[in-house]
Amino acid sequence: MSTRNEVLEPITVTDRVHWIGAFDPKMRTFDVILKTPNGTTYNAYLVRGSEGVAVIDTVKAETADQFFTRLEAVARYDEIRVIVLNHLEPDHSGALPELMRRAPQAALYISEAAQLMLKALLNNSDIAYTPVTTNDRVNLGDRTLRFLNTPYLHWPDTQCTYLEEEGVLFSGDVFGCHYCDEQVFNDCVGDFRFSFEYYYAHIMRPFKQYVLNALALIEPLEIRLIAPTHGPILRDHPRYYVERYREMSTPHLHLEIDHGIKTMIIFYISSYGNTMHMAEAIRDGAAEIGGFRISLYDLEGGEVEPFVDLVEEADAILVGSPTINGDAVKPVWDLLSSFAKINVKGKVAGAFGSYGWSGEAVRMIEDRLRGLKMRVPAGGLRVKLIPSPGELENCRDYGRDVGSFLIGKPRAREIDMSQLPAG
Amino acid sequence: MAKAKIKFADVNVTVTVPVGTRIIEISEKVGSYIAYNCREGDCGSCFFTVLDGADHLSRPSALEKNTLFAHFQSILDGWRGAGDIESLQAMMRRENFAGKECRLACQTQVFGDATVSPL
Numbered sequence: 001m002s003t004r005n006e007v008l009e010p011i012t013v014t015d016r017v018h019w020i021g022a023f024d025p026k027m028r029t030f031d032v033i034l035k036t037p038n039g040t041t042y043n044a045y046l047v048r049g050s051e052g053v054a055v056i057d058t059v060k061a062e063t064a065d066q067f068f069t070r071l072e073a074v075a076r077y078d079e080i081r082v083i084v085l086n087h088l089e090p091d092h093s094g095a096l097p098e099l100m101r102r103a104p105q106a107a108l109y110i111s112e113a114a115q116l117m118l119k120a121l122l123n124n125s126d127i128a129y130t131p132v133t134t135n136d137r138v139n140l141g142d143r144t145l146r147f148l149n150t151p152y153l154h155w156p157d158t159q160c161t162y163l164e165e166e167g168v169l170f171s172g173d174v175f176g177c178h179y180c181d182e183q184v185f186n187d188c189v190g191d192f193r194f195s196f197e198y199y200y201a202h203i204m205r206p207f208k209q210y211v212l213n214a215l216a217l218i219e220p221l222e223i224r225l226i227a228p229t230h231g232p233i234l235r236d237h238p239r240y241y242v243e244r245y246r247e248m249s250t251p252h253l254h255l256e257i258d259h260g261i262k263t264m265i266i267f268y269i270s271s272y273g274n275t276m277h278m279a280e281a282i283r284d285g286a287a288e289i290g291g292f293r294i295s296l297y298d299l300e301g302g303e304v305e306p307f308v309d310l311v312e313e314a315d316a317i318l319v320g321s322p323t324i325n326g327d328a329v330k331p332v333w334d335l336l337s338s339f340a341k342i343n344v345k346g347k348v349a350g351a352f353g354s355y356g357w358s359g360e361a362v363r364m365i366e367d368r369l370r371g372l373k374m375r376v377p378a379g380g381l382r383v384k385l386i387p388s389p390g391e392l393e394n395c396r397d398y399g400r401d402v403g404s405f406l407i408g409k410p411r412a413r414e415i416d417m418s419q420l421p422a423g
Numbered sequence: 424m425a426k427a428k429i430k431f432a433d434v435n436v437t438v439t440v441p442v443g444t445r446i447i448e449i450s451e452k453v454g455s456y457i458a459y460n461c462r463e464g465d466c467g468s469c470f471f472t473v474l475d476g477a478d479h480l481s482r483p484s485a486l487e488k489n490t491l492f493a494h495f496q497s498i499l500d501g502w503r504g505a506g507d508i509e510s511l512q513a514m515m516r517r518e519n520f521a522g523k524e525c526r527l528a529c530q531t532q533v534f535g536d537a538t539v540s541p542l
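From first to last, the protein sequence lines are chains A and B. Residues in the first sequence are numbered consecutively from 1, following our numbering. Residues in the second sequence are numbered consecutively from 424, following our numbering.
So that you can see chain A by itself, here it is in the shape it has in the complex:
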């Protein structure tokens, strides 16, 4: 039996909408950061109105043959009046130049933020296009496309397109996943839930607030079917996926146990207990300020992922590391490198640690924290070897300092510029 992959048939989604995308079952790593055990799909769609045809998104350049073959089976190039790109990443814009060459009469619609990217991606500043935003409409006779401006899902340019009469939401990468199954529809393919959640966690998670903004536009729509740019077409219980996005994007700590109370987390790792004693003293000092909860965690006692979950919902994060061979230790870097998966911008942060010879770790951690646009109050705390009673009092005072900063009542301090880190 031949598969669709071999015969390159388009797939009927509704009587006016066809899937004309491409299967890429051999893809294993996507965008450097995403794994996929059965490949992915690049979903493109063709919409037929009484007065012309629209193509919604294209495919990766390497799979353009599949796209054009499927397109030709349902429409002629001279019928195409409208091309919409919901997202300009090359896996969706790859076949655009050739499509515009074959359908020169078609008008291109992109989001306002996509304009500069379009020129940079195609290296062609002569392309004509129309920038659109929320509630702009394009008429295809008896069918109407309405645009929703949904930026940062997951690029500044991303938008969704809603086919009003059919209740079809062309959502771009939102609600997508890297999962390749030629049965295409969510009620026919294998269990892809792991892939849906994984895609959200790696692509959408850093942009939760933008997801919530987009859902405010999407939720009021009457949705019969969601047609994303990757993975299964969601025709069975499409609302479930919208609800799941809301659930995953809503901060839970503050809903479940909080009443506006802030959270401070102190992570440490310690070879001889010195950095640990500093961590405990910092906690004691911060606790004197009060008004927020404080948790102390030894990085040796846990995995990175749950710690990242904690960081995502915390307001202040302190990291303690000894210095070994002039560097912070690997578990600390493992944690800090994972902060890129979430949004930590604007959270209060700081570093501390005991050291034997040179003590570079604290400044290196502070640089990383600042690089992530976290707010690092001056003066991470370094102690040579075993903290003395006086140094432990400095730790408590550092805790009081950060605690006061966290509750928005920073203690007045006067310092000389020479006390600040160089560089």
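The set of hints was computed from the structure by calculation and includes no laboratory data. Every residue gets a Cβ at the ideal spot worked out from N, C-alpha and C, and that includes glycine. Do not rely on the hints blindly, as some may be mistaken.
To be verified - Away from chain B, derived, C-beta distances all over 10 Å, residues of chain A:
id	residue
1	S338
2	E414
3	D416
Stated by the list, open to error - DSS-like mimics (lysine-lysine), calculated; alpha carbons at most 30 Å apart, straight line:
id	chain 1	residue 1	chain 2	residue 2
4	B	K430	A	K262
5	A	K373	B	K430
6	B	K426	A	K35
7	A	K373	B	K426
8	A	K409	B	K430
9	B	K430	A	K345
10	A	K26	B	K488
11	B	K430	A	K119
12	B	K488	A	K409
13	B	K426	A	K262
14	B	K488	A	K345
Position chain B relative to chain A; hints supplied.
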């Protein structure tokens, strides 16, 4: 070398600095919430407000004026009548939009005591 005191009101930190130091050299290191992007006066990310001592800061260069002006012109539709930074700032003061004075932290140098805050 002559010194000056620059206070970051949001973090309640006062730093004694050599005269001529740029705000950007200090603000990140004390945790003040002034955002940065290009650090070259182009992008208009690092706005801050001068709460006190505006006369003790370097005057905005042509580059800074252009960036401030372009930024506010783009976000304040209908306020395009303001032809220069002084009248734009006067309008901002009148409308109580950006406090007393708005500057770029990557461009502004400290020449005397002043108090600043993120916008």
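Right, here's what the structure says about each hint:
Distance check for S338/A against chain B: the nearest CB is about 22 Å away, which clears 10 Å, and the non-interface claim stands. The claim that E414/A lies off the interface is violated: its Cβ sits roughly 5 Å from the closest Cβ of chain B, which falls inside the 10 Å cut-off. Its beta-carbon lying about 5 Å from the closest one in chain B, D416/A breaks the requirement of being farther than 10 Å from that chain. Between K430/B and K262/A, the direct Cα distance comes to roughly 26 Å. Compliance with the 30 Å bound is thereby established for this hinted pair.
Our distance criterion of 30 Å between C-alpha atoms is met by K373/A and K430/B, whose separation comes to about 21 Å. Under the criterion of a C-alpha separation no larger than 30 Å, the hint pairing K426/B with K35/A is inconsistent with the structure, at around 55 Å. At roughly 29 Å between alpha-carbon atoms, K373/A and K426/B fall within 30 Å of each other, so this suggested pair holds. Of the pairs offered as hints, the one joining K409/A and K430/B holds, with about 15 Å between alpha carbons and a cut-off of 30 Å not exceeded.
At most 30 Å may separate the alpha-carbon atoms for a hinted pair to count; K430/B and K345/A meet this at roughly 23 Å. With a C-alpha separation of about 54 Å, the suggested pairing of K26/A with K488/B is violated against the 30 Å cut-off. Under the criterion of a C-alpha separation no larger than 30 Å, the hint pairing K430/B with K119/A is inconsistent with the structure, at around 44 Å. Between K488/B and K409/A the CA atoms are separated by roughly 34 Å; this puts the pair beyond 30 Å, and the hint is violated.
Between K426/B and K262/A the CA atoms are separated by roughly 38 Å; this puts the pair beyond 30 Å, and the hint is violated. A hinted pair counts as satisfied when its Cα atoms are at most 30 Å apart, and K488/B with K345/A qualifies at roughly 28 Å.
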